[in-house]
Amino acid sequence: MKKLIINFLIFHTVVMAVTGVGIWLLLEAFFPTLLVKGFYIIPLFFYLLGILFITQFRLSAITHPMKMVNLYMLLKMIKVFVSFITILIYWYIHKAGIRSFAIVFIIFYLIDLVWETYIYLRMEKYIKNQSDHNKPPKEPIEL
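With the working numbering applied, the sequence shown covers 1 to 143.
It should be emphasised that the hints constitute simulated quantities derived from the structure, not laboratory data.
Zero decoy hints are in this set.
The calculated label-pair distances, taken between Cβ atoms and stated as ranges, are:
1. I78 - A29: 30 to 36 Å
2. I10 - A96: 35 to 41 Å
3. L59 - V114: 19 to 25 Å
4. G38 - N129: 38 to 44 Å
5. Q56 - V14: 17 to 23 Å
6. F31 - T55: 33 to 39 Å
7. L52 - E28: 27 to 33 Å
With a Cα cut of at most 30 Å, we get these calculated DSBU-like pairs of lysine-lysine:
8. K95 - K76
9. K79 - K125
10. K79 - K128
Where is the CB? At the ideal position from N, CA and C, for every residue including glycine.
Build out the structure end to end from the sequences listed, making use of the hints.
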């Protein structure tokens, strides 16, 4: 499990870096009106939440699949509320640029949602494989 978590953390770092730079270049080249003051905050926000998401799965109990689902749903709800609070804070600080910030934030949110779903599915597959290897065979093995 430790190796899987390390791989997820490395891949998460690469995905967020490529996504952040890619979206910034795309906005710079094709949509300069959507450039946001403090753009770096958005990828950094999703990077930190992703690290929290991945490390919480490492700490959760593998033997209880329902706890895993509950943890996933709890993390999603926390992410929604923290995202909403982040948008409100930006709106309070910089009212003129809230439209562009919200559009870019939603794009990152959707990309991050796909990425986190992939992580969750891979984690579930890993847990299922581990539990299948630990079970005795259903039929006796005859020699």
